[in-house]
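Engineer: Sequence:
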Amino acid sequence: MKEFYEDLKAKRIEKGLSLETIHERTRLPLAYLKAIEEGELERLPTGYERVYLRRYVKEIGLPVDEVMRDFELFAGQEQRPVQPVPSPPGGEEPEAPPKEIVDDAVLEAPRPAGQNLWTRIREQFQHYQLYAYFWLALACLVLLAVGYVTYQQYQSEKTHQVAIKEITLSDMIQTLQARDSLITQAMKASTVLKTTSQPGMVVKLKALERTWVREIRDQKDTTDYILPPGIERTIEARGRVNLMLGRADGVEVWLNGKNLGVMGEANQVVVNLSLTPEGIASKVIRTARSKTAARADSTAATPAPAAPTSLEAGLP
975 MKEFYEDLKA KRIEKGLSLE TIHERTRLPL AYLKAIEEGE LERLPTGYER VYLRRYVKEI
1035 GLPVDEVMRD FELFAGQEQR PVQPVPSPPG GEEPEAPPKE IVDDAVLEAP RPAGQNLWTR
1095 IREQFQHYQL YAYFWLALAC LVLLAVGYVT YQQYQSEKTH QVAIKEITLS DMIQTLQARD
1155 SLITQAMKAS TVLKTTSQPG MVVKLKALER TWVREIRDQK DTTDYILPPG IERTIEARGR
1215 VNLMLGRADG VEVWLNGKNL GVMGEANQVV VNLSLTPEGI ASKVIRTARS KTAARADSTA
1275 ATPAPAAPTS LEAGLP
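Counting from 1 along the sequence shown, just add 974 to a position and that's the residue number in our numbering.
No lab work stands behind these hints: they were computed from the structure.
Even for Gly, the Cβ is constructed at its ideal location relative to N, Cα and C.
Each pair of labels, with its calculated beta carbon distance range: (1) E1252 with P1203: 29 to 35 Å; (2) E1131 with S1248: 39 to 45 Å; (3) E977 with G1035: 17 to 23 Å.
Work out the full structure, taking the sequences as your base and the hints as a guide.
Structural biologist: What follows is the structure, given as structure tokens:
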């Protein structure tokens, strides 16, 4: 039996055919082709041994019927000779026995488990790619829609700009002073604001006119009040006192017993007056515009608001 398979292999080599070539033609796995040439048909799928052998013999160019007859002889399963069938009376020819028909679907080798797994993985990957392309296209459409809406809103705001009225710092202080005048009680007597530690400076405010005051002591304590004429306010602090005055000429400022005088004119407001033990660290005042001038500026074709003045002075 071994010589039978070796003879098949020799015929294949003689014709210059490789197992890979037969594999590409028949789609039979290489492992099955090697099992045929090694005479180990038990490695083939059960029931397909003779089908695979016939396919192999056909591809190497040998007569299939003769080789299969030899295979049956070697396998001890020689086929019995077919007895001639007597002609029936009447001269009719007997029907020829049907030829062995091997369907191509039967000859097609079943795919190994590894190939089936790889095919499933590839199909799932292709399905995943289609799924990913769908969501990518949907995301692009959403981004385009958002960009279009944003652009349209920008164009609408650009063509319908709302005029912004400029509010100067002096106007803001006047508004703040008017509001606090309604909710802040005026001091009725002179007061002294002491510090819990040793004071480093003493500031005294003497009201000449009714004036709104905001004081910030040592950059922490903030107090708003109104000083009527003739009322004094004494402030003790460790290192700094900041003041905002609704009227620059409404309060006379004293520092450590030294009269610094008023800080400006009647039409001015003190935006920031910073006092230290050494003297005036900084002073910023603004000229308050009248309501008539403000209305004229708002109705003018080319508004030209009055430039604010900023003064800084210091004591030696």
